[in-house]
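J.: Construct the entire structure; sequences and hints are all you get.
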Amino acid sequence: MKARKIKEKIIESILLASSSITSITVLLIVVFLFSQGVSLFGDSTVEKGSVMAVNKNNPVKELTGSQIKEIFDQNVVYWNEIGGKKDTIILFRIDDIGNYYSDEEIGENFEGLSECVSRLVDSIPGILAYFPEKYLSKNFKGKVLPLEKVSLKTLFKGKEWFPSAQPAAQIGAMPLILGTLWVSLGAILLALPLGLATAVYMSDIAHGKVRRVMKPLIELLAGIPSVVYGFFGLIVIVPLVQQVFNLPVGETALSGSIVLGIMALPTIITVSEDAMRNTPRAMKEASLALGATKWQTIYRVVIPCSASGITAGAILGIGRAIGETMAVLMVTGNAAVIPHTILEPVRTIPATIAAELGEAAQGGLHFKALFALGCILFIITLIINLLVESISASNKHKSH
Amino acid sequence: MSSTIASRKRRNEQIAFWLFRLLSFGVVAILFYILYFLVSNGIKAISWEFITQMPEDGMTKGGIYPAIIGTLYLVAGSMIFAFPIGVASAIYINEYTKDGVLKKIIKQMTNNLAGIPSIIFGLFGMALFVNQLKFGDSILAGSLTLGLLALPVVIRTTEEALKAVPDTFRQASLGLGASKWQTTSKVVIPIAFPNIITGLILSIGRVSGETAPILFTVAAYFLPKLPQSIFDQVMALPYHLYVITTSGTNVAESRPMAYGTALVLIVIVLIANLLANALRKYFGKKVKMN
Amino acid sequence: MNKLESIDLNLYYSDFHALKNVSMAVKANTVAALIGPSGCGKSTYLRTFNRMNDLIDNVKIDGGVLLDGKDIYDKAVVTDELRKQVGMVFQKPNPFPKSIYENVAYGLRVNGINNKKILDESVEKSLQQSALWDEVKDKLKKSAFELSGGQQQRLCIARALAIEPTVILMDEPASALDPISTSKIEELIYELKKKYTIVIVTHNMQQAGRVSDYTAFFYMGSLIEYGETKEIFTNPKNQQTQNYITGRFG
Ligand SMILES: Nc1ncnc2c1ncn2[C@@H]1O[C@H](COP(=O)(O)OP(=O)(O)O)[C@@H](O)[C@H]1O
Ligand SMILES: [Mg+2]
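Protein chains in written order, with this note's numbering: chain B, 5 to 404; chain L, 77 to 366; chain S, 409 to 658.
Calculated from the structure, these hints are not laboratory results. We treat Cβ as the ideally placed atom computed from N, Cα and C, and that holds for glycine. Among the clues, some could well be false.
In the DSBU-like style, the derived pairs of lysine-lysine whose C-alpha atoms are separated by at most 35 Å in a straight line are [claimed, not checked]:
#: 1; chain 1: B; residue 1: 11; chain 2: L; residue 2: 180
#: 2; chain 1: B; residue 1: 213; chain 2: L; residue 2: 120
#: 3; chain 1: S; residue 1: 435; chain 2: B; residue 2: 298
#: 4; chain 1: L; residue 1: 256; chain 2: B; residue 2: 11
#: 5; chain 1: B; residue 1: 298; chain 2: S; residue 2: 601
#: 6; chain 1: S; residue 1: 500; chain 2: L; residue 2: 174
#: 7; chain 1: S; residue 1: 500; chain 2: B; residue 2: 288
#: 8; chain 1: B; residue 1: 298; chain 2: S; residue 2: 506
#: 9; chain 1: B; residue 1: 298; chain 2: S; residue 2: 549
#: 10; chain 1: L; residue 1: 239; chain 2: B; residue 2: 219
#: 11; chain 1: S; residue 1: 483; chain 2: S; residue 2: 638
#: 12; chain 1: B; residue 1: 219; chain 2: S; residue 2: 483
#: 13; chain 1: B; residue 1: 13; chain 2: L; residue 2: 179
#: 14; chain 1: L; residue 1: 357; chain 2: B; residue 2: 219
#: 15; chain 1: S; residue 1: 533; chain 2: B; residue 2: 298
#: 16; chain 1: L; residue 1: 357; chain 2: L; residue 2: 256
#: 17; chain 1: B; residue 1: 288; chain 2: S; residue 2: 592
#: 18; chain 1: S; residue 1: 506; chain 2: S; residue 2: 602
#: 19; chain 1: L; residue 1: 210; chain 2: B; residue 2: 52
#: 20; chain 1: B; residue 1: 298; chain 2: S; residue 2: 545
#: 21; chain 1: L; residue 1: 239; chain 2: B; residue 2: 13
#: 22; chain 1: L; residue 1: 179; chain 2: B; residue 2: 219
#: 23; chain 1: S; residue 1: 545; chain 2: B; residue 2: 288
#: 24; chain 1: L; residue 1: 183; chain 2: B; residue 2: 9
#: 25; chain 1: L; residue 1: 239; chain 2: L; residue 2: 183
#: 26; chain 1: S; residue 1: 468; chain 2: B; residue 2: 298
Calculated Cβ distances over 12 Å to all of chain S for the following chain B residues [what the hints assert, rightly or not]:
#: 27; residue: 54
#: 28; residue: 147
#: 29; residue: 164
#: 30; residue: 247
#: 31; residue: 289
#: 32; residue: 384
T.: Okay, structure coming up:
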């Protein structure tokens with residue numbers, strides 16, 4: 005008797021342990037994602053061990069990552085554009101030292117290099133010098149600029165994503181967030197009307213026979229892997245979009261929306277059709293018995309009764325679209341710029357992670373930035389899931 | 077007056093129904109076209125050699141044998157992990173907990189896990205299994221990552237299967253003095269078993285096509301040999317399709333390979349769906365007759 | 409003239425023969441009760457009068473059903489026009505998840521009447537006819553679900569009256585209600601008879617005796633006996649009918 009009790013207890017604890025795995029996994033995902041993602045903040049976008057320095061009379065006190073990039077791309081050429089005097093910006097990289105000093109002055113083993121750099125910065129008022137920290141002499145006569153630390157602002161306000169840029173990595177998530185939203189919203193705008201119409205047709209208009217053919221087809225298409233949809237999109241949709249709109253490239257936000265829309269259709273159709281079929285038969289009969297046509301019954305009774313189920317389906321569809329990786333990666337062109345029209349290439353958060361994680365050095369700024377993107381994605385999808393749950397929960401309340 | 081209203085009612089209904097019919101047939105046509113396009117092109121590429129040979133000439137010729145084997149390993153690996161744990165936790169949720177805080181938390185967390193995008197599983201799998209636990213890019217790391225992704229699917233389908241078992245069976249067994257576990261293992265699980273297996277098959281369909289979770293945990297771009305241990309990398313069908321369409325050495329020439337690979341993936345999903353439906357039907361009848 | 413009449417009516421659910429050669433007529437401004445054991449086809453028969461069975465897949469009907477002498481299964485008949493003349497009240501109260509007002513106005517709205525004055529008048533009149541007006545006149549905008557079961561059923565009757573039908577079909581309208589609500593519904597039926605022709609399905613023998621002028625006894629899809637309620641209850645001609653009404657039924 006006692007042995008049996010012990011056995012029961014052991015089995016119960018094994019079952020309990022198993023059922024805690026999902027919770028543990030969610031917690032571990034949060035821990036790993038956020039510990040890597042948050043460690044991004046406080047790092048500098050300028051490569052470790054390098055210094056940015058200016059002449060001591062230069063009033064500019066600091067440079068942001070994006071200002072540095074603009075200067076090195078020569079989009080900004082005067083100091084007064086960024087709050088300094090009217091001087092031209094003269095860029096100095098350590099390789100340029102030979103243009104200013106002779107080999108003797110620098111020394112065979114670069115022993116005079118620090119001194120040369122210091123003198124050079126002192127002598128040219130408009131200089132911006134970028135050089136390794138080891139050549140910073142003890143009595144440096146210029147002004148070393150403090151390096152900007154990555155902050156939430158850098159991440160969310162930054163308009164450029166170019167994490168391997170030199171000398172300052174650009175990690176603005178704005179274009180990626182916008183790209184994700186554009187592509188997903190486009191997908192839903194395409195899929196929602198079509199999906200709802202199909203759901204209405206299947207639940208209340210079509211013959212039982214038609215429905216019995218459509219339902220398994222739609223279920224089958226829900227199961228086809230996203231990489232296959234991406235492949236189809238690349239071969240069929242992308243050239244189609246290119247031709248129809250006469251574009252230089254067909255990999256655009258629109259192509260992404262179309263492919264994602266097609267992928268979202270099965271979800272939207274199944275969820276809203278279920279909701280509509282759950283409308284109590286008594287409700288429909290009451291309406292018909294009052295002389296309403298089938299169509300009046302659909303839009304006056306069936307759709308209002310299943311509104312929350314339909315909403316849940318739509319939001320679920322958006323959530324899937326936002327998190328979708330492979331198909332988007334294959335058809336949107338992956339240009340990390342803020343889109344102006346839907347006929348331009350864009351890049352989404354999941355596609356960015358998939359495309360870049362392989363080449364990012366573990367523990368580096370780029371690596372951490374990708375995890376930070378993962379955090380953003382995680383939070384967005386979590387909110388969406390909670391929304392869907394609260395909608396279906398309130399729905400259950402109503403029907404009881 | 078009333079007859080104009082009546083005819084307007086009818087006309088509106090006609091218009092609405094035609095519109096809906098048109099839109100739904102449009103949707104079905106698109107979906108059919110996708111299937112037709114992939115199947116008709118894929119069939120030309122498929123041959124016995126295609127599924128039994130190594131890729132050749134920069135993956136423009138030969139077959140996809142290593143990718144098929146790799147996917148098989150990953151499916152088996154992830155299911156060895158996810159199936160027992162998933163079934164056990166569903167049993168715990170459905171048979172052992174009462175409605176309460178614990179049950180709520182477990183279900184909520186399972187839902188949350190189900191809603192996490194697959195690319196995040198990829199990130200997590202890389203951070204935990206590949207880097208932290210030092211499994212490296214390996215079948216082990218990939219299978220565990222895929223297993224975690226499949227876990228909520230297994231739990232949900234098993235829960236449904238258990239819920240479908242009428243309470244009278246449990247009461248009868250408990251009334252005869254059987255313990256909770258005896259009741260569960262001897263009465264409930266055998267009745268629910270076909271539906272549990274259906275869930276397993278559907279998860280296999282899902283797992284075999286996932287790409288994002290294996291990108292950084294196991295998938296190899298090109299590996300013309302079969303794995304020797306669970307610490308080896310493998311090729312996998314979905315990843316293979318991805319690379320030969322986007323970054324192969326010669327994208328245009330490997331197109332037939334891509335069509336073939338896509339078809340193999342579709343066939344896997346198709347078989348999984350058909351098998352699941354057939355099982356459901358077959359055992360559905362049997363249970364009713366008992 | 410007979411208000412409603414069925415002639416050699418047969419109905420099949422796929423292969424199942426649910427109504428067998430049913431012929432019977434109902435006079436205007438009378439109440440006819442359909443009685444019989446559960447599953448004998450009472451609801452099925454009732455629903456042939458407003459063609460509610462049309463909604464079910466694989467239903468086959470032959471024979472005729474006449475309303476005011478015209479065949480309602482004629483090709484030219486439009487079901488929603490027919491249902492405006494033949495209202496229906498169901499077994500369980502089934503108000504829409506809308507306000508009390510909108511429930512009653514529903515039938516008018518779907519027939520293109522949106523004029524507020526007409527709607528207001530009709531809602532009030534219908535609620536008065538169903539003896540619910542005094543109870544709800546101050547909360548017309550409240551959800552119909554806030555009413556009690558008996559009130560909900562009277563709301564459903566008001567809803568059916570609002571479209572001014574000439575026939576009202578009732579399928580066990582009081583079976584889900586408490587005794588007080590039931591007697592209110594029965595009084596109501598007595599009042600409504602003055603204006604409408606009523607066909608009512610009931611399980612309850614006393615109820616049939618109290619509210620109906622004529623009674624039809626169904627058994628396994630066949631109409632066994634039909635006649636004046638007094639006759640049927642005191643002097644049934646058929647042995648099966650006798651067994652049923654005296655409670656000696658298998
Ligand atoms: N939709 C349907 N499909 C098939 N058979 C039905 C359907 N509705 C009712 N039936 C069958 O028809 C017979 C009569 O049903 P019904 O008219 O509801 O009986 P009652 O109202 O007298 O209890 C029953 O045997 C029932 O099983
Ligand atoms: Mg009935």
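J.: Run every hint past the structure and note whether it holds.
T.: Results for each hint:
| no. | hint | result |
| --- | --- | --- |
| 1 | B:11 - L:180 | holds, 26 Å |
| 2 | B:213 - L:120 | holds, 33 Å |
| 3 | S:435 - B:298 | holds, 31 Å |
| 4 | L:256 - B:11 | holds, 11 Å |
| 5 | B:298 - S:601 | holds, 30 Å |
| 6 | S:500 - L:174 | holds, 33 Å |
| 7 | S:500 - B:288 | holds, 13 Å |
| 8 | B:298 - S:506 | holds, 19 Å |
| 9 | B:298 - S:549 | holds, 26 Å |
| 10 | L:239 - B:219 | holds, 24 Å |
| 11 | S:483 - S:638 | violated, 39 Å |
| 12 | B:219 - S:483 | holds, 32 Å |
| 13 | B:13 - L:179 | holds, 18 Å |
| 14 | L:357 - B:219 | holds, 16 Å |
| 15 | S:533 - B:298 | holds, 27 Å |
| 16 | L:357 - L:256 | holds, 29 Å |
| 17 | B:288 - S:592 | holds, 27 Å |
| 18 | S:506 - S:602 | holds, 30 Å |
| 19 | L:210 - B:52 | holds, 27 Å |
| 20 | B:298 - S:545 | holds, 31 Å |
| 21 | L:239 - B:13 | holds, 23 Å |
| 22 | L:179 - B:219 | holds, 33 Å |
| 23 | S:545 - B:288 | holds, 27 Å |
| 24 | L:183 - B:9 | holds, 28 Å |
| 25 | L:239 - L:183 | holds, 15 Å |
| 26 | S:468 - B:298 | holds, 20 Å |
| 27 | 54 | holds, 67 Å |
| 28 | 147 | holds, 72 Å |
| 29 | 164 | holds, 51 Å |
| 30 | 247 | holds, 45 Å |
| 31 | 289 | violated, 7 Å |
| 32 | 384 | holds, 33 Å |
Against the hints set out earlier in the document, violations occur for numbers 11 and 31.
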